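S.K.: Below are the chains, spelled out letter by letter.
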Amino acid sequence: MTPPDLTAKLHINTELARAVLKTFLRDEIRKVGIEHAVLGLSGGIDSALACYLVAQAIGAHNVYAVRMPYRTSSPDSLDHAQLIIDTLGLHSETVDITDMVDPLIARTPDITPLRKGNLMARARMIVLYDRSAAHQALVVGTSNKTELLLGYGTLFGDMASALNPIGDLYKTQVRQLAQALEVPRPIVDKPPSADLWIGQTDEDEMGLTYADVDQLLYLLVDERYSPEEAIEAGFDRVYVERVWKLIRTMQFKRRGPLIAKLSKRTVGIDFLYLRDWGY
Amino acid sequence: MKITVGLAQISPKLADVRSNCETHMMFVDRAAREKVDLLVFPELSLTGYMLQDAMAHTARKAVPSDPLMHSMLEASQRLDLVVGFAEVDERGRYFTSGAYLSRGQIAHLHRKVYLPTYGMFDEGRFFDSGDSIRAFDTRFGRMAILICEDFWHLSPPYLAWLDGADVLLLTSASPGRGISDDDRLGSARFVETINKSYAAIFGNYVIHSNRVGFEDGQNFWGGSTIFNPDGELVVQAPYFEEALTVAEIDLAQIRRSRARTPLLRDERPELTLRELRRITGEK
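Protein chains in written order, with our numbering: chain D, 1 to 279; chain C, 280 to 562.
If we strip away everything but chain D, and leave its shape as in the complex, we get:
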């Protein structure tokens, strides 16, 4: 049995998505009394799209883009990030994180590539949050829905942000919207990569393709199919079970820390206010 083709279901009206996301960024940034945004520009499609959206929302002159290469980062990544900076006319800065990360790596002889990747992601978060304070700018997140669901991101690293315009768009939808916004072709077309080590691609590392997994996630999450129903619809059992397990085991990355309840009223449990309440 072959899986159903759900490409059309994932297709979005890009003009509508752009309108909502632009207003979202403008509203939620200015509500706080802030005019600026800062984001890490990796050279990949997610941060490129986030950059285009935020520049359209609050004006390119209010956006600080930070390139944060590590010594093994691909030169293409840096060039692609620069292409976006030049195209949009953003404030920009390059902070090489090698000197932040390498001393800790040097003290940790048994460190794995994954742990090194996490160190880099968290070093970048440190830089962004410092620039956030320096420029009075909110950190704009660049994790997409596929990554959030599969837990393909570093907790308190690249997953840390004040607000995220693309967190409800699957990777294939990110690509669609990026094309519509005329993000430069080389950035849209290249294989997605976290660029944490030389030659890394997301799809090789995860052992799946975004085109396939987005369709399965759409059924399991948006359409509320049970894993059994997804299998009945034509998806491979082993594949469905693997993806479902990832969704479940990565839930911790989508939630704040647990707090032990002791009192009559506890932050996060029954002390309930929206973040917007503060402004």
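None of these hints come from the bench; they were simulated from the model.
All of these numbers come straight from a predicted model, not from anything done at the bench.
Hints may be right or wrong, so weigh each one.
Calculated cross-link-like contacts (lysine-lysine; reagent style DSS-like; alpha-carbon spacing at most 25 Å) [said to hold, decoys possible]:
1. D/K116 x D/K253
2. C/K292 x D/K31
3. C/K292 x D/K22
With chain D held as given, fit chain C onto it using these hints.
M.R.: Using the frame of chain D, we list chain C on its own:
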């Protein structure tokens, strides 16, 4: 009779009654300049929508002595108003309420009956539900107020119609959701479809005021509408933007539409009641 209706599509500030009161006054001023007779604000327009625990500091009593209500009643000397707010009653119960204010009086108070408590909604956790659907008389004829989920259910508009409402005043804080390749969000498409249908089925004017803005990242889509008794769109406010949208409606159109399609005349509420009794098991 022809009247001028204004749709006050605002972006209320969460739990900031003073700021929202100022916004209301600004819209009242603008509407008065445009000779509006009836100005309709969205659900919870004075308080904001997802109040959660902030409800305790924000809710007001629906009495003329309350300073907020007093300001609104003053404004209603200039034109009739529908406003939305979190209401607390004398026994400490909270309601999502909508009030029709006219010439300094609270002409009608509707407490939201259906509180969505599923998916992204959590209203039943914080609010008590109202227990009546009533039409009421205004100087422009008989109307009814229904709040958001109230008109996602079929029965409240039907009851209001049978109770004599010729104009349905629908207010909402409808979060936008359901993106697809359509040029509207799923929630907008649904609401516009049912409102158009109510207008055509009842031979009523259906006036819908929906808010805009964001609360913790969730958008409210606006797109407020008026449909005439033939189910035709009279006017629509923009999506996602604050706007005062004004249109004249001809209440005589109700009679003309019903003459052509006399669904109200031929409606058989006693049959409905008999079948409802059977269905609910009442002897």
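S.K.: So, for every hint listed, does it hold in this structure?
M.R.: Now the hints, each set against the structure:
1. D/K116 x D/K253: 18 Å, holds
2. C/K292 x D/K31: Holds: C/K292 and D/K31 sit about 9 Å apart, inside 25 Å.
3. C/K292 x D/K22: 19 Å, holds
Against the hints set out earlier in the document, no violation occurs for any number.
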